[in-house]
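Each chain, letter by letter, is given below.
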Amino acid sequence: MPFCDKIFVMKKAQLTKLLLLLTLSTPATHALVCPPKDTAPLCPQNGITLLDETYPTQSFLISNLPFIPSKEGRGMTQNFVNKIIKNYDYENVPQILMALDTPEEFAAFKEATKKDLINKKVSADKIEKILGQLTHVPVPNYNWQQDWFESFVDVKTGSPVIRSMESYSRVPPNAGDKIEKAGSSCNITTGEWLKDNYINIGDDPRTANRSFGSGEMGGNIEGAPGGFCMIGDNIGKKLAEQICNDKKNVIQLQTSWLQVGHVDELFKIIPTQFNDGRPKECEFSLMSASPKKALDLMKNPTSGLTSFADFNNPDADPKEMRESRSKSTNAGNFYLCNYIKDAMLKRPTGKKINPAIRSVLLKILFNNQALAQDDAMEAYFRNIGKDDKELMAFNNECAQNFDKVSNFEVQAMMTADEGFMSLNNAVDESIKKDRELIKSKILSRLPQCKAWYNELEVPNLFYGDFPVKNKDGKMELARPGIANSFLPNPTNSVLMNKTVTFPDTGNKLFNSYLSEEMAKKKMKSDFISTWDYAHLAQGNIHCASHSIPHCRPNTKGK
Amino acid sequence: MKFLLVFLLFSHNKTMAKDITEYECRLAPDLKIELSLIDPKLPSVSLQKKDAKIARCFYQTLPSSKPSNMRNVSTEASWNLQLSKCETYNEKMKSELSLSPMASFKQAQGASTSYFRLFTDQQPLLCKPRS
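Sequence order for the protein chains is A and B. Note that the numbering used here numbers the first sequence so that position 123 is 123, with each residue one more than the last. Note that the numbering used here numbers the second sequence so that position 116 is 116, with each residue one more than the last.
Isolated chain A, as found in the complex (with noise of 0.2 Å):
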């Protein structure tokens, strides 16, 4: 480039710079409301400061760190904040925090958002309105928001008190402040930090009541009606009672099976509106992840034979979307890449081959023993000792057939896969034991929800370690383990207003049976296209955002 084009962009790129700053400071934006605190539901009585799900959002927090830098992964922060502008009907939009290393980056999405709305022809003084909303916290930009903290109460004004994990390393010190003095004109405060709970070097943290792994994090802490808080047993006794005040608080549910461990990759309280005459304190559901549940609608023999892949996805890239989903370097993609092959080779052109019986090859060669993902490990050992390009081209040929296989024949590769299934199996009972034990919990204090408690199963499939056989004979997850979901997980789901913001499953028969249980229970559904920004990297949506609530002080007793 020659040195004067060189100093027209430097000058170009500087003028711009100023442009976005200008509009920052234009006194037209209208200044931040926060929400009234009237209609929402009454704050808890039985000492717990955390809120679920049917409590009504104060703020969201984003920040923008694709894990790849795709179309569909720089898109996402812009799509989640277009979202939940829309969802909440372009009016009484709660606050959006947006955690962005410099003021720049933030115009530049003020500036975006701004676009969005005149596209939508939404009128001026609402975009203003809108625009005021959106709040500036200046620190690093970081994926994972979800995790350095947790979103408390105080009882006596509703208002939020944003708590630090001591553990948690991945974030300057001072972000909680920095949020605080973002959030100051609605009153978010900070509160006590959550202290450690992790062992040092010594005794069994399983044994000894300590954390673990990923465990002390706020994706593995989630609010439950009747004031509960769900908990992995990853995070140790003491961490518990700091976060749930009265061990009788407590809903430990099993998690550390799962590579990350946390309770919002496999449960979720959300909302509903059946408006049916019952308890407004029973409109809620449990949404739970369900192996069987995903199995059941790939093997519909109509629905089924929809495609497994849907990349029909504006907010991606054709080849980029191809690509992310077949690189073998994820093993999840690995695995499906090897029954897409499969499922390939089983039509009638393709050359057969019987996974069943490869599987009986696989026992016999391997002393008997059940192996987790037997046929797709079987053809990933096939590769290791191969140069790249024999990799290359399996990675080639899956990108062109990803999304040129059915729900059914992916899921007859998946069910004789004996590895697959027992692990999947293993997860189906572990979540219907503690499903039990939320019901049962929850329950007992709203014992008149017990004619209205609904629940939904919603698909998702595992793969990783294979599970151990107890002296009973019976098959349990390994703790810790190493399982991970094949797709976005839709647990991982966002709560906008009254709409659940999916993270796309990339698989329309999933998103649409999700949609028919939303309509089912009088709410909406969205979907978030994730898979490059948070699912490679073990996370979604969930994971990568905040939603900070707030609730109604009870004046009564005073």
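Please keep in mind that the hints were generated in silico from the structure rather than gathered at the bench. Just so you know, not all the hints are guaranteed correct.
[Claimed, not checked] Derived pair list, reagent style DSS-like, types lysine-lysine, alpha-carbon separation capped at 25 Å:
| # | chain 1 | residue 1 | chain 2 | residue 2 |
| --- | --- | --- | --- | --- |
| 1 | A | LYS474 | B | LYS94 |
| 2 | B | LYS92 | A | LYS471 |
| 3 | B | LYS92 | A | LYS469 |
| 4 | A | LYS469 | B | LYS32 |
| 5 | B | LYS128 | A | LYS238 |
| 6 | B | LYS128 | A | LYS237 |
| 7 | A | LYS471 | B | LYS32 |
| 8 | B | LYS66 | A | LYS389 |
| 9 | A | LYS327 | B | LYS32 |
Got chain A; can you put chain B on it based on the hints?
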């Protein structure tokens, strides 16, 4: 002087991060399991009951092994391993201590704990760096 300080800090951190390559886990008080990651492509496992050597086997590291768990705050590597070969394996003990064809190792640095999933019928074992 500044350069020397930076160099010392850098080399110290580097050593801390990669130094631990040998671990010891116990299934029972008299049953010692040693894991060596000296050759990261072919980690070895030794089983020893009192003074008697039961097995010495090698696991091949699969490419799905991750140098770090992207969500963990402390450095945690996930090793996915496949049984490759056994130099020795006491025939009598094979059914009692059945090494899994697939193993995994969650390797944590610092104050965190490391776990080795090695046997088909056993939950992952807590492992400590060998002194």
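Okay, the hints, checked on the actual structure:
1. A:LYS474 / B:LYS94: holds (21 Å)
2. B:LYS92 / A:LYS471: Satisfied, since the Cα-Cα distance of roughly 21 Å is no more than 25 Å.
3. B:LYS92 / A:LYS469: With a Cα-Cα distance of about 21 Å, the restraint between LYS92 of chain B and LYS469 of chain A holds, given a limit of 25 Å.
4. A:LYS469 / B:LYS32: Given pair LYS469 of chain A, LYS32 of chain B holds - Cα atoms ~22 Å apart, limit 25 Å.
5. B:LYS128 / A:LYS238: Holds. LYS128 of chain B to LYS238 of chain A sits at ~24 Å (cutoff 25 Å).
6. B:LYS128 / A:LYS237: holds (23 Å)
7. A:LYS471 / B:LYS32: With Cα atoms ~21 Å apart, LYS471 of chain A and LYS32 of chain B stay inside 25 Å; holds.
8. B:LYS66 / A:LYS389: Holds, at about 22 Å.
9. A:LYS327 / B:LYS32: violated (39 Å)
Checked against the numbered hints above, the structure breaks only hint 9 and satisfies the rest.
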